[in-house]
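Peer 1: In case you want the letters, here they are:
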Amino acid sequence: AQSVTQPDIHITVSEGASLELRCNYSYGATPYLFWYVQSPGQGLQLLLKYFSGDTLVQGIKGFEAEFKRSQSSFNLRKPSVHWSDAAEYFCAVGIIQGAQKLVFGQGTRLTINP
Amino acid sequence: DTGVSQNPRHKITKRGQNVTFRCDPISEHNRLYWYRQTLGQGPEFLTYFQNEAQLEKSRLLSDRFSAERPKGSFSTLEIQRTEQGDSAMYLCASSESSQYFGPGTRLTVL
Chain A
2 AQSVTQPDIH
12 ITVSEGASLE
22 LRCNYSYGAT
32 PYLFWYVQSP
42 GQGLQLLLKY
52 FSGDTLVQGI
62 KGFEAEFKRS
72 QSSFNLRKPS
82 VHWSDAAEYF
92 CAVGIIQGAQ
102 KLVFGQGTRL
112 TINP
Chain B
3 DTGVSQNPRH
13 KITKRGQNVT
23 FRCDPISEHN
33 RLYWYRQTLG
43 QGPEFLTYFQ
53 NEAQLEKSRL
63 LSDRFSAERP
73 KGSFSTLEIQ
83 RTEQGDSAMY
93 LCASSESSQY
103 FGPGTRLTVL
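Residue numbers (my numbering), protein chains in the order written: chain A, 2 to 115; chain B, 3 to 112.
Hints may be right or wrong, so weigh each one.
Interface residues of chain B toward chain A, partial, derived using beta-carbon atoms under 8 Å [claimed, not checked]:
1) Gln43
2) Tyr50
3) Gln101
Which bits of chain A does chain B cover? Going by a derived footprint, with three or more residues having C-beta under 8 Å, they are [as the list claims (entries may be wrong)]:
4) 29 to 43
5) 46 to 52
6) 105 to 111
For the record, the hints were derived by calculation from the structure and aren't laboratory data. Backbone N, C-alpha and C define an ideal beta-carbon position, used for all residues, glycine too.
All chains should be modelled from the sequences, with the hints used to inform the complete structure.
Peer 2: The following block contains the structure:
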């Protein structure tokens, strides 16, 4: 069965520091992969996606992610975080067949220290 | 604003009551999804429409839940005889390729 694991439930970084959020997936075919961000009480905003091609994808707000097939990973990175990046981050795998629904990880809550 | 909209944003109800939520997708999107998100968890898929046809339902969607998309535009999600376990955020998304989410409806069942 398809699954997504985000090993870190909560991460705290200082403003201006670099960030890496981990995501591992389990899926039998070539995955479609996504990162979404959710601010408190809000819906999810798409940060970036990987369908095929270049394994390093750029997204909005200065985020990037790298697809590593050998490690079944799709980690999210940002070179320098801003206080406004504090939110919940969700990694998801898109199921290619049928509904093409998303299977989400549990999320990683990011706190920014001033 | 051409994003996905959901109404109401918050709903508080008593156990046993029926509730209905509405989702208005991005107008050119023919795919529409409902997800449920409980506290501290990622969203879980509930159901999917392609135009007006409901093509897939999760086993999470019990008989008390029904969803419609009568004209292939907006969709409604109804929960009958609500239970405290139904308390969650209900998220709607629409897509052509990537899914774009609405702000959600937070349901609290007392």
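Peer 1: Are the hints correct? Go through all of them and say.
Peer 2: Hint check results:
Here the hint on glutamine 43 of chain B is kept, as its CB sits about 6 Å from the closest CB of chain A, short of 8 Å. This hint holds: tyrosine 50 of chain B has a C-beta 4 Å from the nearest C-beta of chain A, less than the 8 Å allowed. The criterion of a C-beta within 8 Å of any C-beta in chain A is met by glutamine 101 of chain B, whose closest approach is roughly 6 Å, and the hint holds. Beta-carbon proximity to chain B at under 8 Å applies to 4 residues in the stretch 29 to 43 of chain A; the threshold of 3 is reached and the given coverage holds.
Only residues whose C-beta sits within less than 8 Å of a C-beta in chain B count toward coverage, and the stretch 46 to 52 of chain A has 4 of them, enough to reach three; the restraint holds. Counting residues of the stretch 105 to 111 of chain A whose C-beta sits closer than 8 Å to any C-beta of chain B gives 4, which meets the bar of three, so the coverage hint holds.
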